[in-house]
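Line order of the protein sequences matches chains A and B.
Our numbering puts the first residue of the first sequence at 12, with every later residue one more than the last.
Our numbering puts the first residue of the second sequence at 20, with every later residue one more than the last.
Just to be clear, a hint being listed does not mean it is correct.
Said to hold, decoys possible - Straight-line Cα separation of at most 25 Å, DSS-like style, residue types lysine-lysine; simulated pairs:
1. K308/B to K401/A
2. K404/A to K184/B
3. K304/A to K308/B
4. K345/A to K316/A
5. K509/A to K401/A
6. K345/A to K509/A
7. K345/A to K476/A
8. K259/A to K316/A
9. K215/B to K404/A
10. K308/B to K353/B
If you are wondering where the hints come from, they were derived from the structure by calculation, not from laboratory data.
One-letter residues, chain by chain:
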Amino acid sequence: MIPVTERRGSEGRRDVAGGGRSSSRPRRAGRVAAAFTLFEVAISAALVASAATVVLMVIPIGLRAQHQARFQLYAGCKVLEMMDTFANHDHTYASRQLEGVLLGQNAQPLKWPIDLDRMMMNQQLGLLPLPEVIARRIDSDGDEMARIVNEGGRLYYASPQAYEVGFHQHSGGYNLPGPMPNERVAPSEAKTVIFGIAGYAQQNGLANHPCIAWPYGANFPSTPTSGGSGHNIWAWQNNHWEYLVWAKTSGANPPNLNRLGIPSAAQDEFMKMCAACPSWEYHFANLPYLRDKARLQAYIDASQKLVQLLGVDCTGAPPYLMPVAPKDLTTIAKPWYYPGHPDSAHLFPDPRHISAIRWLAAGALMRTGYYISGRDGSVPIWPVTAQDIKYAKDLEEICMRWGRRYASMNPYDWGSPRALNRCSSWDFPLLQFDLFAPHAVGDGAVDLSSPPRGDVTWKITAPRKPRNYHSGYAVIGAEWHGVHADNFNAIDTSWATKADGTFDDSRFNLTEPFAAAERCRQIVCWAVDWQAYQDFETAPTGGYDASMAFMDSRGGYVDAEIANHPPDLTLSWNDASRTTRFPRPSVDVHYVPDATDPSGYRQVGAEPFGTAQARRGTAAYRAAFFGLWGADRNGNGVLDQGPLPPGARVRAVSIGRWNFYDRRMVSALRN
Amino acid sequence: MRLRGFTLVEMLVSMSIGGAICATAFVAIRVASQSVVAGNRLSVENQLLRAGIGAALEDLDAWTSHDDPAPGGDRPLRGASHPFFPLTQADDFNFDYNPVRDPTASYEAWWRRDARLWFRNDPNIGTSYPGGTAIGDYSLFGWDGYTDGTILGGEEKRWRHRLVKEVNRNLGFYALIDYAPANMLYAHMEPRWDGKVLTAFEGVNSSNGGYGTMVSRAWQEDKPHDFVCLLTGTFFTIVVPSRQTDPLYASNDVNRAMFQSWWEFYMTGKVGPNTGWSGNDGYTASGTKLTMLPVRPSGWPDVTVRVRHYAANARQFHSATVMSQSPITGQVFKLFFTYTGTTLRGARRQRGLDGTWVAP
């Protein structure tokens, strides 16, 4: 038998052959039998287990990397869309307040989405605000999310009812019922992507003066808008502001205080012209007016006298009185802008002259009308001569040239309307709040301080002080179309002034040079399962500022409800029971065939205005409007709760960041 | 000799431990395998989605799926009334919106060219009757055949009318919106059958959407007939008729059609848009589908990409919809985004259709 030895480490040998008996044959060195000790086995097993664990841990890391990549795809696409919408700002911000009577009574400067984070608070981007209480429970690298929230910003998540922007009314901000056929629920994991804006916004320019939405417009040539009698069709939102500026209307509201300094005789001719105008309404139904030669003649006579009384430089004589054309700019010596320039009348025309020439040109055109000239086949009431035609054509040319000169040379002269048929983005006065010039609103509204403080706003600065302005005459709110009270004094006291009472433009900086870093902000994206919280659908959405509401602090409905509301209104719970969403009373107005109705149709749905107004005054309505009861944030129609208690904290994973330019004005890359 | 082996207990214990280790290893390997599979699937999906997004961005920039400029490429929209129809420009019809003043030329010549974009027509086209002459004969100030004895012979007073007419009728409604300057008022004057020069209407709203209709209900309000007014409650897009399965959109006139998002009963006297001409219908019919992965492993997800160009809600959109469906789970992923891509005008210039950039 061959003896077998086993090496057992360094502790020695143990003879396992022959029962431990001694052998006569010497043991061969190196043939000892050995084995791992238990300790060695344990170590090796631990190593293998660690390696296996590491391998197993790497797999989820790979999975997380792929999930991260997926989140980056979602976020990247959303950011592309955000930037596209931001750069190609649409025009669906109608039905918002344009003017307030007093400075500080118009939240419009805050409603226009000049800043991207303000646009995120609209319906256009399909983003909804994350409840603030939940946002404060989320940790992130460098506490960036907390910093945004602490500084007054909001975080946003993708709407569970994401829609494809642009072609239906959801994206126009309209609160329509039900999903659209092409609407699809976003991937559930996309709901975990959170968006925020890092960096500070620059102070924005104003979309218009809060008390007067200049520039007002008119077509060149055209008649003046008249006072009353329904002759108010075309110029500026159903208001006859031009009549109020020119006519003697001391008893009207607002009274005309003749701020343009129009001679009394000229005012008389203006009123004769208005009384005779055969075509106040540009409508085919007004045939009696359009065939009335006497009225037409009276209009032309009055408009020519008006031109003469105002001192417009003319050639010829009535009935073919012709204003001279503006001088060729290339022949006028520079510099142009100084008082007493010999050609100042051609550089910076008198707004009264511009309006008068426009009205005169309309009169010359009327002679060629379809009906009065017999072009409809009837006997001509006013046979058109070659001289009439030449006069109309020449006057139109002169009228257009003066209108263009006036609008081009000084966007800060607000005495005559701009040509609607020659709209230009450059005919836009640059205005901004002077943030260092507080101004009492003076309407009696107070805050909740003790003692209460009156509302305060800012005064307005510009590169130069506007001139020749009147009262504002536009709509004050979407539900109240009408001329508001005279607010000339509110406009006149709205300008920032120096100690000596002169206009202060020292803090106007919209046109100042700037460093790129000053206008660089970042979209930041994270991923976090915030819907794991128990209260993710019961947490209040707010807070909101006044720009979210269609009503102002005085209770007036200054915007359309269908247009201006919190972005998650359609998901908000209607009451404390949280069983139904906020009702959609707004625009689901359509007609269905109904044989019992004399018209054959029956209206379905409630009007956005009218009878639906009463409910808006209730506390219950306003609580639901501002998301006090939370919202159906996963879009499934029922109240849900997550497993995490509100006291728990979660950590967000950074997904990406994108730089963008922080504009300061309302603008669009394309139409 | 005494042989010593493991005891039964030792064997049982060791077998139990071994079994547990094997089971654990099996589970671990299985989980790892599933994780690897899931990771690979996610990776493939991500790659496909990324590829889809890349293809969409490329097409939104180059418009290749609408008009492939490569030799032998598919160009289904080169015919008349489609947006890639070649146009011949002239002095009184071109896309030079902002003429630079030639210091050697007269101020008058520059002024007239500069003023050609002025709208010299009845401000309320749509309510005045008959088109543009009720209050006065606006055709005295310009129409598509206007001539006079001025320095440019009247071309500056034909230019705007010809632009609206030629682009509208030769390239379609979307093209007109794309080409028109931001302050365009959408109307022009031309001779009627009886020789009277009147404003030409592109249909009226009574049709509630459909062929030849460009005006909407909003035009009947007293608003300037501009871009915003034109796109209130309407949807204009580009449709490739030869690729349509619905015969309604296979007509050669389909790019001169209006889809309607909403309507006003009292204005139109009709309940809703015509069948097939709602905004949703237009959205469904519009766009082109990009060919992605025609040959792929059967276990791979499918990816579809649809690119659309349309105008609605007072702005233009260039959008892409990337969808991926897992053949295993059936789960659908959808990515939709809009993008500031190339305009139609830019795409035509890329192809030299407007006389510049590259040769066709």
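Results of checking the hints against the structure:
no. : hint             : in the structure
1   : K308/B to K401/A : violated (57 Å)
2   : K404/A to K184/B : holds (23 Å)
3   : K304/A to K308/B : violated (62 Å)
4   : K345/A to K316/A : violated (34 Å)
5   : K509/A to K401/A : violated (53 Å)
6   : K345/A to K509/A : violated (30 Å)
7   : K345/A to K476/A : holds (22 Å)
8   : K259/A to K316/A : holds (17 Å)
9   : K215/B to K404/A : holds (18 Å)
10  : K308/B to K353/B : holds (15 Å)
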